[in-house]
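**Student:** As a plain string of letters, each chain reads:
Protein chains: 2
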Amino acid sequence: MWLYLAAFVGLYYLLHWYRERQVVSHLQDKYVFITGCDSGFGNLLARQLDARGLRVLAACLTEKGAEQLRGQTSDRLETVTLDVTKMESIAAATQWVKEHVGDRGLWGLVNNAGILTPITLCEWLNTEDSMNMLKVNLIGVIQVTLSMLPLVRRARGRIVNVSSILGRVAFFVGGYCVSKYGVEAFSDILRREIQHFGVKISIVEPGYFRTGMTNMTQSLERMKQSWKEAPKHIKETYGQQYFDARDRSFVGVGFVNFL
Amino acid sequence: MWLYLAAFVGLYYLLHWYRERQVVSHLQDKYVFITGCDSGFGNLLARQLDARGLRVLAACLTEKGAEQLRGQTSDRLETVTLDVTKMESIAAATQWVKEHVGDRGLWGLVNNAGILTPITLCEWLNTEDSMNMLKVNLIGVIQVTLSMLPLVRRARGRIVNVSSILGRVAFFVGGYCVSKYGVEAFSDILRREIQHFGVKISIVEPGYFRTGMTNMTQSLERMKQSWKEAPKHIKETYGQQYFDARDRSFVGVGFVNFL
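These protein sequence lines are chains A and B, in that order.
So in our numbering, spot 192 of the first sequence is number 192, and the numbers just go up one at a time.
So in our numbering, spot 132 of the second sequence is number 132, and the numbers just go up one at a time.
Hint data in this document are derived by calculation from the structure and do not stem from the laboratory.
Computed from a predicted model, the values in this text were never measured in an experiment.
Identical copies carry no separate label here, and so any pair may be met within one copy or between two of them.
Under the rule of at most 20 Å between Cα atoms (straight-line distance), these lysine to any residue pairs were calculated in the SDA-like manner: (1) 235 x 153; (2) 235 x 147; (3) 232 x 127; (4) 86 x 129; (5) 86 x 131; (6) 64 x 47; (7) 98 x 234; (8) 232 x 95; (9) 200 x 171; (10) 98 x 231; (11) 235 x 150.
Hey, can you work out the whole structure from these sequences and the hints?
**Tutor:** Structure below.
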């Protein structure tokens with residue numbers, strides 16, 4: 001009887017010790033750099049990690065976004081403006097991070113910045129919109145990662161790339177899926193290449209969440225605009241009727257298309 | 001007994017008729033546009049389809065490649081020079097194809113052009129090499145497809161995109177996988193979007209074949225060059241020893257990295 005009790009108590013403490021080990025300690029010494037903190041997931045993450053006591057280095061696309069974020073968070077959180085499509089902007093942000101983290105290195109890098117241009121068919125979307133998605137969502141992730149990697153390596157840190165369920169299933173919105181598929185490939189390869197440095201890479205693949213990106217009214221407006229701007233031969237080929245049908249079934253636009 | 005024989009003969013003719021139906025007829029009226037016909041798969045396909053009697057419109061990157069191909073094929077085959085990274089070059093080639101196919105449209109489009117820059121780790125590869133792979137292997141495929149699509153639609157034709165096994169498994173050579181993952185996503189989405197026009201899209205995913213792309217001596221040379229050109233901090237981080245180990249195990253470079 002006493003033996004069982006002793007074993008039970010021992011097991012309890014073992015589990016407790018194990019659970020404690022999973023918790024990250026000394027949060028106040030840990031720097032996390034997050035891109036795209038103006039709104040959505042990035043903004044939420046910056047505020048939450050700040051509230052948990054981590055040292056958040058938040059990159060915003062606009063100074064306005066940065067100002068708003070600073071107004072909602074502690075003095076620990078610091079911001080920088082970053083356009084992930086511009087190499088010089090990435091280099092400047094990297095230098096800024098380097099000065100902040102010093103010898104400790106960067107404990108976490110979250111590549112969250114991303115855009116979703118009009119939800120349309122591949123053939124309607126103009127080249128510029130298509131290329132912009134690639135530049136921000138894919139090339140931006142690659143360049144920011146490679147630029148910050150030496151700092152992450154110093155801390156034997158981790159990198160989190162925000163992909164999407166559309167990075168696994170090519171469902172709808174051509175350019176977006178293409179960019180997210182690329183993020184998956186890049187993350188999977190880099191993970192193996194740098195694992196012996198003790199750096200880990202994770203991919204987050206959100207489904208449908210209510211962020212600015214999935215704002216239905218706005219998406220509908222931009223889809224209409226995109227149809228309006230489509231070349232004449234595209235309009236003739238698909239026809240107004242086809243567009244109207246898509247318009248009505250917008251909520252299920254991807255599903256309709258998928259089935 | 002006679003009944004069985006009659007059923008057997010009937011079945012034989014049914015199968016024969018079914019098999020015949022699978023064979024494409026009137027090959028001499030069918031136009032196929034193939035990119036990257038200077039060498040490798042594109043060159044082989046152009047010559048084979050020409051020998052089978054199809055009307056091959058072969059796009060080569062260089063005039064020299066085009067000249068060589070014309071020397072090995074019938075008068076039916078015609079060539080055009082095309083750089084898939086340049087919009088004006090794609091537009092000119094599309095106009096050229098349009099003039100050739102006329103009202104019949106383009107029966108087949110094969111996006112074969114692709115490059116593989118040095119086989120290195122993500123961190124060693126310079127930005128330019130990385131971006132070039134994306135431009136040729138991914139953006140080139142998207143732009144050529146969208147530009148030729150109206151002609152393919154007229155013939156209710158088919159599009160064949162040459163991807164790679166590295167478009168399914170992110171194995172090694174970061175930029176290459178990223179571009180091929182993108183091709184998979186783009187093809188899967190466009191397939192659904194244009195299926196009601198009667199246009200089909202297939203993806204070919206070759207494994208390891210002996211083309212110019214997989215020339216071992218050349219790859220080794222380029223890998224060494226890439227290491228030589230890598231920034232100082234990369235050399236210090238990975239170390240000469242690491243490079244030498246990779247150098248020796250080059251044949252299994254991807255496998256070694258994967259395991």
